[in-house]
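Q: Sequence:
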Amino acid sequence: MTTSGIEVWAPDGVGEVRAGDDLAALVLPLVELADGDVLVVTSKVVSKAEGRVVSGTTREEALAGETVRVVARRGPTTIVRTRHGLTMAAAGIDASNVEVGSVVLLPLDPDDSARRLRAAVRERTGRNVGVVVTDTAGRAWREGQTDIAVGAAGLLVAEDFGGRVDAHGNPLVVTAPAVADEIAGVAELASGKLGARPFAVVRGRADLVLAPGDDGPGARALVRPEGGDLFGYGAREAVVRAVLGDPADQAPFGSPVPAEELAAVLRLLPGVEVAATEDGVSVTGGPAEAVAALAFAHGWRVDGAGSAVEARLRPATT
Numbered sequence: 203m204t205t206s207g208i209e210v211w212a213p214d215g216v217g218e219v220r221a222g223d224d225l226a227a228l229v230l231p232l233v234e235l236a237d238g239d240v241l242v243v244t245s246k247v248v249s250k251a252e253g254r255v256v257s258g259t260t261r262e263e264a265l266a267g268e269t270v271r272v273v274a275r276r277g278p279t280t281i282v283r284t285r286h287g288l289t290m291a292a293a294g295i296d297a298s299n300v301e302v303g304s305v306v307l308l309p310l311d312p313d314d315s316a317r318r319l320r321a322a323v324r325e326r327t328g329r330n331v332g333v334v335v336t337d338t339a340g341r342a343w344r345e346g347q348t349d350i351a352v353g354a355a356g357l358l359v360a361e362d363f364g365g366r367v368d369a370h371g372n373p374l375v376v377t378a379p380a381v382a383d384e385i386a387g388v389a390e391l392a393s394g395k396l397g398a399r400p401f402a403v404v405r406g407r408a409d410l411v412l413a414p415g416d417d418g419p420g421a422r423a424l425v426r427p428e429g430g431d432l433f434g435y436g437a438r439e440a441v442v443r444a445v446l447g448d449p450a451d452q453a454p455f456g457s458p459v460p461a462e463e464l465a466a467v468l469r470l471l472p473g474v475e476v477a478a479t480e481d482g483v484s485v486t487g488g489p490a491e492a493v494a495a496l497a498f499a500h501g502w503r504v505d506g507a508g509s510a511v512e513a514r515l516r517p518a519t520t
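Be aware that the sequence shown starts at 203, since it is given in my numbering, and climbs by one per residue.
A couple of the hints might just be wrong.
The calculated label-pair distances, taken between Cβ atoms and stated as ranges, are [unchecked claim]:
1. Glu301 <-> Leu446: 40 to 48 Å
2. Asp314 <-> Glu218: 22 to 30 Å
3. Ala466 <-> Pro427: 23 to 31 Å
Everything labelled a hint here was simulated from the structure, so no lab data went into it. Ideal placement from N, C-alpha and C gives every residue a C-beta, glycine not left out.
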């Protein structure tokens, strides 16, 4: 008979973390690590130790410097894509658990932060552990927040069950659990939001921990590239970007769709006739502005000025 399970605990005794603090020196006296453990640390204390606290500013004032592009705005909430590729409210900038009038920015490179902490643990204890750096994020279609992995080292961040079959013989085609995120979530349950326990240890998944010297791809591997996500913009923002048609806004809409798919969409417009051509799609009739916006949103462009009489469309990448 075989059994499986995990243990998770978060030690007390970590004081206020300040710039220049040695994270390994803070946590190692509080835990007895074993090979195959995963050491989990919040991005906030990583940022504090790395001097990523900014005084005399607000989240809103710091937002522009941490933003690659705005994804969506709803009232006071701004969702942005950060330089890390993360899509988060306010770029993950936090004004809690920090002195009034200060904010904490995300680490510059959370994967590198994880690698350095892993190396320090290995050097001082001889133990081979994985490291996960976490932050809190909301989820599309779901209320509430959960912790996710924004940095990782020495860990298989996602398992790949593609090509395997379940107990009934059904193929698992796209099943790829993001185990680094799952570890981040379970660690947060042990740490709590207000418990002043920024470190946690997860034991029982040594199979996910990579060999010494192999840090793996990091949490960056869990970030979809621009254009790879179905929701590159919020619903309202997508409409605005498509109508304006700025080429700089094209990437989040993804690669050009096949001509047949674009033609099917264009035929939804009243009074439009669509025909395939040797090198694209020809549109006759209909509102020229709507044709251009739909073409842009599907990765195509109007070749030339276009008009309500006839427009020639070609993929935007050609």
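Q: Using the Cβ atoms, figure out if Glu301 sits within 40 to 48 Å of Leu446.
A: Holds, since Glu301 and Leu446 (Cβ atoms, about 41 Å apart) stay within the stated range.
Q: So the hint says 23 to 31 Å: do the beta-carbon atoms of Ala466 and Pro427 match that?
A: holds (26 Å)
Q: Are Asp314 and Glu218 spaced within 22 to 30 Å by their CB atoms?
A: Holds: the Cβ-Cβ distance is about 24 Å, inside 22 to 30 Å.
Of the numbered hints stated above, none is contradicted by the structure.
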